[in-house]
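A.B. asks: Kindly generate the complete structure, drawing on both the sequences and the hints.
Each residue of the sequence shown is one higher than the one before, counting from 1 in full-length UniProt numbering.
It should be emphasised that the hints constitute simulated quantities derived from the structure, not laboratory data. Be a bit skeptical, because a hint or two may be false.
Said to hold, decoys possible - If you anchor each label on the Cβ, the simulated ranges turn out as follows: (1) Ser33 x Gly222: 27 to 35 Å; (2) Ile171 x Glu106: 15 to 23 Å; (3) Ser33 x Pro102: 18 to 26 Å.
What the hints assert, rightly or not - Simulated pairs of lysine to any residue, SDA-like, Cα-Cα distance not exceeding 20 Å: (4) Lys116 x Thr186; (5) Lys36 x Asn3; (6) Lys5 x Ala117; (7) Lys168 x Ala117; (8) Lys36 x Leu99; (9) Lys63 x Phe28; (10) Lys143 x Lys116; (11) Lys168 x Gln157; (12) Lys132 x Val144.
Built from N, CA and C at the ideal position, the CB exists for glycine as well.
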Amino acid sequence: MSNIKCIIIEDEPLAVKVLSDYIRQIPFLELRSVFKDAILAIDYLRQNAIDLMFLDIHLPTLKGMDFLKTLTNPPAVIITTAYHQYAVEGFALNVTDYLLKPYEFERFLIAVNKVKAGNPDRYKQAESQEVKDFIFLNVQKKKVRILFSEIVYIESQREYIRIVTTKKEYISKMSTHEIEALLPVTLFKRIHRSFIVSISKIDSYTAEMVDVNGSTIPIGRGYRDILENL
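C.D. replies: Printed below as a string of structure tokens:
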């Protein structure tokens, strides 16, 4: 299988070092170049085939989101930033994932695995991928199979998450960022720093709350535009 060719567009030296170190630990990633300014990356992208771009938002000259809007056929994009409020705009631009600094290697690995498994138009894999309609989660020392279609919402409980389904509830030791990276973006939306809801289970919503399957979930201040395009 061919490696995923990637570039970094980031103006913070420490962030570049962390990303570069993480990339070196992934056998299927190949770092081709690093740019401190998005303007400098434009010509490179025109002349080179790149599969993945790690893009910071706050860049000199041209901001990351504005740069992304200029690309007619962008590679897969993983946003790297310290600002969560740009997540909605990022996913509207079809980014693969959104890493909030500082992020651990495990979270980084989840993001790049999404590129490897979920972008057949951008990255052709040798083996075919079966579309899954479920996820296996660690629940009380067991791997439990949970269907996406049965999940109502997911709630953060410090270092654990509570998965509420139409049949029962589960507690698993992971963060909402980790579970969000494993969920299909077309089926689930984060509406609060502590809540992810199933779109198909939404009965009604206002600017401040969502009713899902008989439960009322608050909408966070930075997530109030997330449901506009339903």
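A.B. asks: Hints first: check each against the structure and report whether it holds.
C.D. replies: So, going through the hints one by one against the coordinates:
no.: 1; hint: Ser33 x Gly222: 27 to 35 Å; in the structure: holds, 33 Å
no.: 2; hint: Ile171 x Glu106: 15 to 23 Å; in the structure: holds, 19 Å
no.: 3; hint: Ser33 x Pro102: 18 to 26 Å; in the structure: holds, 23 Å
no.: 4; hint: Lys116 x Thr186; in the structure: holds, 18 Å
no.: 5; hint: Lys36 x Asn3; in the structure: violated, 24 Å
no.: 6; hint: Lys5 x Ala117; in the structure: holds, 15 Å
no.: 7; hint: Lys168 x Ala117; in the structure: violated, 29 Å
no.: 8; hint: Lys36 x Leu99; in the structure: holds, 18 Å
no.: 9; hint: Lys63 x Phe28; in the structure: violated, 29 Å
no.: 10; hint: Lys143 x Lys116; in the structure: violated, 23 Å
no.: 11; hint: Lys168 x Gln157; in the structure: holds, 17 Å
no.: 12; hint: Lys132 x Val144; in the structure: holds, 15 Å
Comparing the model with each numbered hint stated earlier shows that hints 5, 7, 9, 10 do not hold.
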